[in-house]
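Generate coordinates for the entire structure from the input sequences, incorporating the hints supplied.
Number of protein chains: 2
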Amino acid sequence: MAIHSKFLDALTPSSIRSITAKIRDKAKNGETVISFAGGLPSSEFFPVEDIKKIDAEIFSSEHGNAIQYAASDGYDPLREYLVEFMKRFGVEGINYKNILITSGSQQGLAYLSKGLITPGSVVITENPSYPGALDTFNAYGASVIGIDMEEDGMSMDKLENVLKENKNVAFIYTIADFQNPMGVSMSVEKRKRLVELAEEYDVFIVEDGPYSLLTFNGKVMPAVKSFDKYNRVIYSGSTSKTIAPGLRIGWLVADEESIQKLVYLKMRDDLQVNNIAQRQVYHYMKEYGFDEHLQQVIDVYRERRDVMIDAIKASFPEGTKIYKPEGGLFIWLELPEGADSMEMFDFVFQKNIAYVPGVFFCPDGSHKNAMRLNFSTTDKDTIAKYIPILGEMIKAYKK
Amino acid sequence: MAIHSKFLDALTPSSIRSITAKIRDKAKNGETVISFAGGLPSSEFFPVEDIKKIDAEIFSSEHGNAIQYAASDGYDPLREYLVEFMKRFGVEGINYKNILITSGSQQGLAYLSKGLITPGSVVITENPSYPGALDTFNAYGASVIGIDMEEDGMSMDKLENVLKENKNVAFIYTIADFQNPMGVSMSVEKRKRLVELAEEYDVFIVEDGPYSLLTFNGKVMPAVKSFDKYNRVIYSGSTSKTIAPGLRIGWLVADEESIQKLVYLKMRDDLQVNNIAQRQVYHYMKEYGFDEHLQQVIDVYRERRDVMIDAIKASFPEGTKIYKPEGGLFIWLELPEGADSMEMFDFVFQKNIAYVPGVFFCPDGSHKNAMRLNFSTTDKDTIAKYIPILGEMIKAYKK
Numbered sequence: 005m006a007i008h009s010k011f012l013d014a015l016t017p018s019s020i021r022s023i024t025a026k027i028r029d030k031a032k033n034g035e036t037v038i039s040f041a042g043g044l045p046s047s048e049f050f051p052v053e054d055i056k057k058i059d060a061e062i063f064s065s066e067h068g069n070a071i072q073y074a075a076s077d078g079y080d081p082l083r084e085y086l087v088e089f090m091k092r093f094g095v096e097g098i099n100y101k102n103i104l105i106t107s108g109s110q111q112g113l114a115y116l117s118k119g120l121i122t123p124g125s126v127v128i129t130e131n132p133s134y135p136g137a138l139d140t141f142n143a144y145g146a147s148v149i150g151i152d153m154e155e156d157g158m159s160m161d162k163l164e165n166v167l168k169e170n171k172n173v174a175f176i177y178t179i180a181d182f183q184n185p186m187g188v189s190m191s192v193e194k195r196k197r198l199v200e201l202a203e204e205y206d207v208f209i210v211e212d213g214p215y216s217l218l219t220f221n222g223k224v225m226p227a228v229k230s231f232d233k234y235n236r237v238i239y240s241g242s243t244s245k246t247i248a249p250g251l252r253i254g255w256l257v258a259d260e261e262s263i264q265k266l267v268y269l270k271m272r273d274d275l276q277v278n279n280i281a282q283r284q285v286y287h288y289m290k291e292y293g294f295d296e297h298l299q300q301v302i303d304v305y306r307e308r309r310d311v312m313i314d315a316i317k318a319s320f321p322e323g324t325k326i327y328k329p330e331g332g333l334f335i336w337l338e339l340p341e342g343a344d345s346m347e348m349f350d351f352v353f354q355k356n357i358a359y360v361p362g363v364f365f366c367p368d369g370s371h372k373n374a375m376r377l378n379f380s381t382t383d384k385d386t387i388a389k390y391i392p393i394l395g396e397m398i399k400a401y402k403k
Numbered sequence: 005m006a007i008h009s010k011f012l013d014a015l016t017p018s019s020i021r022s023i024t025a026k027i028r029d030k031a032k033n034g035e036t037v038i039s040f041a042g043g044l045p046s047s048e049f050f051p052v053e054d055i056k057k058i059d060a061e062i063f064s065s066e067h068g069n070a071i072q073y074a075a076s077d078g079y080d081p082l083r084e085y086l087v088e089f090m091k092r093f094g095v096e097g098i099n100y101k102n103i104l105i106t107s108g109s110q111q112g113l114a115y116l117s118k119g120l121i122t123p124g125s126v127v128i129t130e131n132p133s134y135p136g137a138l139d140t141f142n143a144y145g146a147s148v149i150g151i152d153m154e155e156d157g158m159s160m161d162k163l164e165n166v167l168k169e170n171k172n173v174a175f176i177y178t179i180a181d182f183q184n185p186m187g188v189s190m191s192v193e194k195r196k197r198l199v200e201l202a203e204e205y206d207v208f209i210v211e212d213g214p215y216s217l218l219t220f221n222g223k224v225m226p227a228v229k230s231f232d233k234y235n236r237v238i239y240s241g242s243t244s245k246t247i248a249p250g251l252r253i254g255w256l257v258a259d260e261e262s263i264q265k266l267v268y269l270k271m272r273d274d275l276q277v278n279n280i281a282q283r284q285v286y287h288y289m290k291e292y293g294f295d296e297h298l299q300q301v302i303d304v305y306r307e308r309r310d311v312m313i314d315a316i317k318a319s320f321p322e323g324t325k326i327y328k329p330e331g332g333l334f335i336w337l338e339l340p341e342g343a344d345s346m347e348m349f350d351f352v353f354q355k356n357i358a359y360v361p362g363v364f365f366c367p368d369g370s371h372k373n374a375m376r377l378n379f380s381t382t383d384k385d386t387i388a389k390y391i392p393i394l395g396e397m398i399k400a401y402k403k
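Chains as they are written, first to last, in the working numbering: chain A, 5 to 403; chain B, 5 to 403.
Calculated directly from the structure, the hints in this document are not laboratory data. Hints may contain errors.
Identical copies go unnamed one by one, so any copy, or any two together, can satisfy a pair.
[Stated by the list, open to error] Here are the computed lysine to any residue pairs in the SDA-like style, where the Cα-Cα straight-line distance is at most 20 Å:
#1 Lys399 <-> Glu307
#2 Lys10 <-> Gly124
#3 Lys101 <-> Asp13
#4 Lys101 <-> Asp77
Here is the structure:
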């Protein structure tokens with residue numbers, strides 16, 4: 005007997021897991037895959053020595069209290085710190101009661117899905133978008149409608165059309181900065197327009213900001229939330245890409261009443277976030293040179309991006325369109341019309357090189373000729389060596 | 005604008021939080037409350053020095069990998085260890101694929117609720133039972149039916165009647181060992197019968213085992229799961245009461261297919277549990293004298309229980325019934341018929357003493373004359389000093 009329900013039986017592994025499984029199979033045979041498929045930050049730069057020091061200090065100063073039951077809304081010094089932190093994105097006028105600490109930003113997305121999606125709900129996303137979010141919206145019963153992307157963010161005209169045609173919109177989901185997978189950022193004009201449309205059509209916006217500080221040109225954009233006069237935007241933050249994902253620290257920013265409801269949900273769901281992780285993030289950000297660390301990571305990622313773009317230009321089929329990102333972890337490519345990146349995956353994979361096909365990011369099955377390449381986890385020499393092989397394989401592929 | 009939905013708007017703070025709030029208000033006025041209301045283990049015994057050492061070792065040996073993204077099903081060495089650990093409760097014949105690591109046992113209960121409760125579902129619990137579980141079952145839409153407790157666990161006759169009368173039972177929830185709040189344990193005969201009834205009436209059992217190792221007489225009972233021939237029992241484990249709750253480590257044990265579905269849910273909900281906490285628990289249990297630690301805690305808790313029971317006998321109203329627990333954290337009392345522990349709470353609280361009224365544990369509003377006293381977090385001298393004051397206040401209370 006296994007447990008069954010309509011809800012559970014509809015859950016399947018994420019599509020990206022099929023790639024992970026293929027890579028694992030190769031590893032079992034002793035083969036190494038060069039994976040441009042990941043969405044990971046590079047673990048070589050995680051501040052492990054600092055976190056080791058922080059742990060020792062936490063236990064020496066707080067003793068057992070550091071690992072006793074604690075509040076469901078989060079560790080107050082961290083919440084207070086994040087109030088200041090949000091000013092980096094132009095978000096002002098909030099206090100710690102506007103912040104809920106979550107087990108990674110994924111948990112915030114899940115809470116909002118559980119809280120706001122009802123039977124018949126629509127969630128509007130960028131198309132393409134982050135599969136982990138799309139999977140969660142689907143799991144909680146939403147139909148996802150994707151809005152075509154332009155180089156300055158989703159099309160506001162198409163968004164308005166969809167808002168006009170759909171009365172049961174739970175929320176609009178956007179990754180405004182260095183979007184996953186396209187790497188593009190929404191223009192300030194569109195951010196303002198997005199907030200106005202949300203107010204006009206009486207819907208909420210969920211703004212996911214994991215990559216916002218990973219900026220290669222020194223510019224940090226004002227968050228959509230910073231233009232939010234109406235409490236229409238719920239901001240989701242994360243330290244997974246700027247410190248380390250295994251800590252599982254994220255946060256939601258919203259009006260106090262909304263946060264309070266989400267706290268009641270958290271009490272039911274898992275009581276509270278891991279105490280030590282909250283303290284690690286708090287002390288690291290406040291006292292341990294977070295900005296210097298970030299600059300080091302940014303410098304490395306920028307160089308890797310540049311090496312990757314040069315290699316793509318030199319080796320990929322003529323007519324390939326490259327979206328050059330000014331931050332984040334990903335390069336999005338469109339191969340010439342007619343190419344199918346999903347079909348050619350196994351052919352390319354013979355050379356032990358992996359990427360993510362574009363369709364994995366598209367609820368409507370579009371972007372068949374696109375692919376996402378991650379540049380954060382592979383060193384520049386390896387990028388310079390293997391991207392040309394990837395380009396050659398793509399050119400060599402025949403249906 | 006705050007977010008709204010039928011689901012969210014139905015969530016309220018847990019009833020026990022109203023007591024926490026009263027205690028906090030007193031603290032703001034500089035007054036100290038002697039709280040017998042908590043459900044906490046005693047933080048003075050948390051193995052902080054060992055965990056500090058473990059953290060240093062983890063980072064030295066695993067570097068950044070220790071805090072990279074990791075598997076949704078959990079840290080495999082911990083899962084493998086728990087396979088062995090479950091033998092303490094007579095659970096044999098499982099492998100690591102039968103185990104999902106969760107963020108505390110509360111998360112396991114929430115996953116099972118989300119997965120199995122559908123509109124119209126009934127969850128059967130002991131009456132009284134753990135409010136945190138009752139709140140979660142309610143939040144996800146179940147009607148809770150409580151089965152009267154006897155001194156050897158819930159009444160099997162009454163359970164069978166409820167099973168006969170209700171066709172849409174999502175699961176039966178039991179804390180078989182040192183039950184919260186009553187402190188009693190289910191007999192072996194009833195455990196066997198419970199499994200047979202679940203098979204006969206085609207329902208699942210969720211067995212919550214947070215207190216099972218906190219045994220004062222050296223006896224660890226075989227889990228209900230150990231009698232499970234039919235894969236009808238999903239076992240929920242936790243280290244919150246045996247190591248420390250702030251680590252947020254729990255686990256579910258079930259057939260592989262059920263675990264796989266719950267892993268897909270975890271991928272949607274929060275991706276994975278905090279890496280460091282999983283390693284802390286693994287290394288602590290395996291290499292750092294977990295059993296000696298447990299024995300130390302047990303010896304202290306047993307003495308506190310004894311002091312509390314003696315003080316209750318000497319000072320509480322005649323006719324008070326004391327359930328003497330052989331383990332766990334709580335003593336359950338029934339005051340003489342007609343007493344109302346909720347009504348007298350504020351009167352008693354004038355003396356800065358808190359307890360939890362019995363009705364907080366009862367979905368049907370029964371057990372008005374009962375109360376739960378926690379003995380784990382107050383030292384024996386304080387227990388000996390304040391329980392008599394509590395007893396005198398109860399005797400002095402007039403409606």
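Outcome of the hint check:
For a Cα distance limit of 20 Å, the shortest separation of Lys399 from Glu307 qualifies neither inside one copy, at 26 Å, nor across copies, at 77 Å. For the identical chains of this complex, Lys10 and Gly124 are neighbours both inside a copy (16 Å) and across copies (14 Å), given an alpha-carbon limit of 20 Å. In the homo-oligomer, the alpha carbons of Lys101 and Asp13 lie at most 20 Å apart only across protomers (18 Å), although the nearest pairing inside one protomer, at 37 Å, exceeds that limit. In this assembly of identical chains, the alpha carbons of Lys101 and Asp77 lie at most 20 Å apart only when taken from the same copy (8 Å versus 33 Å across copies).
The structure is inconsistent with hint 1 alone, although it conforms to all the rest.
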